[in-house]
Amino acid sequence: MKSLFEHGPSLRTRLLLALIVAGTLMFLDHRLQTMQPVRSFLSTATAPVQYLAVLPEQIMDRLVYLATTRSALREDNQRLHEELLATQMAVQRLNFLENENARLRKLLGSEVRQASRRMAAEVVAVATDPFSHQVVINKGYANGVYEGQPVLDNRGIVGQVMSVARTTARVLLISDQSHAISLRAERSDIRVIAQGTGDLNRLELSFIPHSTELAVGDVLVSSGLGGVFPEGYPVAQISAIDRDERTQYAQVDVTPFAQLDRVRTLLLLWPADAAESPVYDEEVTDVD
Amino acid sequence: MWIKSGLFALLLSYVLALVLMVMPLPTVLEPWRPDWVSLVLLYWLLAVPHRVGFGTVLVLGLLTDILMGSTFGVYAVALVLIAYPVLRHFQRIRHYSFMQQALVIGILIFVKRIIVYELEHVLNDAVFNLPYLYPVLSSAVLWPWLFLVMRRFRRRYAIR
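Just so you know, the sequences run in chain order A and B. Under our numbering, think of the first position of the first sequence as 1, with each following residue one higher. Under our numbering, think of the first position of the second sequence as 1, with each following residue one higher.
The set of hints was computed from the structure by calculation and includes no laboratory data. Misleading hints may appear alongside valid ones.
[Stated by the list, open to error] To be clear about the criterion: a stretch of chain B counts as covered by chain A if any three or more of its residues have a C-beta under 8 Å from a C-beta of chain A, and this derived list gives those stretches:
#1 88-100
#2 105-114
#3 146-158
[What the hints assert, rightly or not] Just some of the chain B residues that point at chain A, by a computed CB distance under 7 Å:
#4 22
#5 26
#6 67
#7 77
#8 120
#9 132
#10 133
#11 134
#12 137
#13 141
C-beta: ideal position from N, C-alpha, C; glycine also.
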């Protein structure tokens with residue numbers, strides 16, 4: 001039972017102690033960046049919380065799946081078959097072009113591009129801190145995920161892996177304020193840098209002169225410079241250009257192709273020159 | 001003897017709060033998500049201040065940092081700072097009516113969010129947006145109900 005009189009250090013001393021501990025950790029993490037192993041360990045330890053958090057959703061999905069009728073499934077199946085057929089035809093053409101490209105590159109004496117390896121990952125949690133745009137995926141270093149790895153969805157580049165735990169990894173989205181990505185305009189080959197703004201549907205191009213050739217609607221693909229993102233993946237489309245002469249540079253807004261606000265399934269990419277290689281789980285015949 | 005009564009129930013409530021904090025919500029509700037960890041923590045600070053102190057606050061703050069992916073210590077500092085007035089005045093706050101309590105909780109969570117924002121602003125150049133403060137309102141509105149549920153929980157599992 002609690003006694004009427006306090007003993008031990010006073011409340012203020014304890015407050016001070018707690019603040020000193022937290023402040024030291026903050027300093028170690030932010031200024032000296034020495035906490036990465038600790039972070040990785042603690043992320044592994046807290047991974048069950050993240051898996052627990054998506055459990056209700058998964059159960060719901062399962063129930064919805066169990067409740068779907070036979071005819072709905074058949075319709076779905078039909079539609080998917082058609083889609084598969086269309087995609088296969090597109091891939092056929094792509095394979096042909098890829099081979100031709102490799103041949104031509106050989107003729108020119110330049111390096112043939114290697115195929116990259118990939119793995120699908122599910123988003124298990126969205127960091128609810130509105131100041132940074134991150135998602136947590138269900139693959140970690142046990143699967144060969146590494147820091148700085150490019151992450152895509154079916155439309156374009158989503159972001160890069162910023163920290164890895166055993167079975168989870170944290171992905172920094174391209175819309176985060178601290179993220180910038182080097183791009184190339186598909187039409188005019190102008191190289192630009194797209195900086196995240198903290199808004200999921202808008203990136204900004206920095207240092208664009210007023211006389212730029214860029215136009216609204218231009219598609220920007222990754223340039224492959226900087227070594228993180230492989231070349232040639234679609235990233236964003238220019239949505240607005242404000243050539244206000246009073247400012248030093250033109251203000252160019254772009255909209256990312258990837259739907260950053262509703263990412264569910266992502267694609268991890270291992271470029272051909274990556275030191276790590278993917279470790280696939282045993283093939284599970286997953287129905288949903 | 002080492003395990004005090006209701007320790008597991010206490011830990012369970014923390015885990016539940018953390019799970020609710022990272023649980024995916026529909027986009028419409030997302031900005032209104034109550035500040036679960038702060039609410040649960042504040043309840044325990046008010047109800048059993050001799051058991052739940054700065055140590056617990058610090059550990060929960062650091063776990064929040066890990067789950068949120070923020071710099072280590074940001075949430076810990078904010079939670080420790082709002083825990084202080086509660087630990088200092090818990091006897092007074094306990095005797096407030098629900099409305100007054102909800103108001104106090106709202107103010108505390110407002111202060112916590114401002115501290116987190118300021119730290120993030122200094123460390124990572126965060127930009128302020130108003131929806132970040134919506135949870136202040138939803139948390140304050142939720143408080144009386146959470147208080148009743150938590151009181152039942154506390155009595156049921158004899159956490160004292």
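Worksheet item: Where does the structure disagree with the numbered hints, that is, which hint numbers, in rising order?
Response: 1, 2, 3, 5, 10, 11, 12, 13
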